[in-house]
Amino acid sequence: MSVVIKVYIYIYIYIYIYIDKNCLESFLRGDSPPHDVWKENWATQYSVDKDVGDYLNDRFDGISVYPTLGNHETFPANLYYSTLPEYKYFNEKNVELWSDLFSIPVEQRDNIIQDAYYQVLIRPGLRLISFNSNHGMSKDINVFNKYWSNRHARSTDKVYCDDACRQITVCETLSATFRDWINCVGRFSAVVH
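Under the UniProt record's numbering, think of the first position of the sequence shown as 1, with each following residue one higher.
Treat the hints loosely; a few may be bogus.
Said to hold, decoys possible - Straight line, CA to CA, 27 Å or less: simulated DSSO-like cross-link-like pairs of lysine-lysine:
no.: 1; residue 1: K50; residue 2: K88
no.: 2; residue 1: K50; residue 2: K39
no.: 3; residue 1: K50; residue 2: K93
no.: 4; residue 1: K88; residue 2: K39
Calculated directly from the structure, the hints in this document are not laboratory data.
Treat the numbers as computed from the prediction; the structure is a model and nothing was measured.
Let the sequences and hints guide you as you build the complete structure.
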């Protein structure tokens, strides 16, 4: 197991043991593989995700872990071509891996296989929307946020949008990102958590 994986695992164990012993669920932010792009390939990328997933599944026994596809999970990093067979196969493998971490709603499996995003009602009043963060590298992610926020604006659920803690991409400026996020949260404050 690489040092990077161990660091991620230690952080999650710390959160679980020391911060909240009554943990109801956990969120895996993605980006688990080491950021050594010169060594990347499909097998190592998936192997790291599997190691982290297996470790968390073992240590968080009975607690759902909700993963997100980070921009370094795929090969090469920061690129995502959902129409290519390698990506579809990778997403199918993620459905298998993620099924061990949480109960994937049947209607969301196709979303994961096609584009590695999903939404799930965690419990009454709390819904998670997890998107494929590779799209933050090339698309206006605020369109995605507004779409999901509008879709759930009339719902009684609070929405935990997994974009809240995402990385600032190389295509963005920090001030523009925060301005857009503040506008989105302000507009949908009754929905977004």
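Ascending list of hint numbers which this structure does not respect | none
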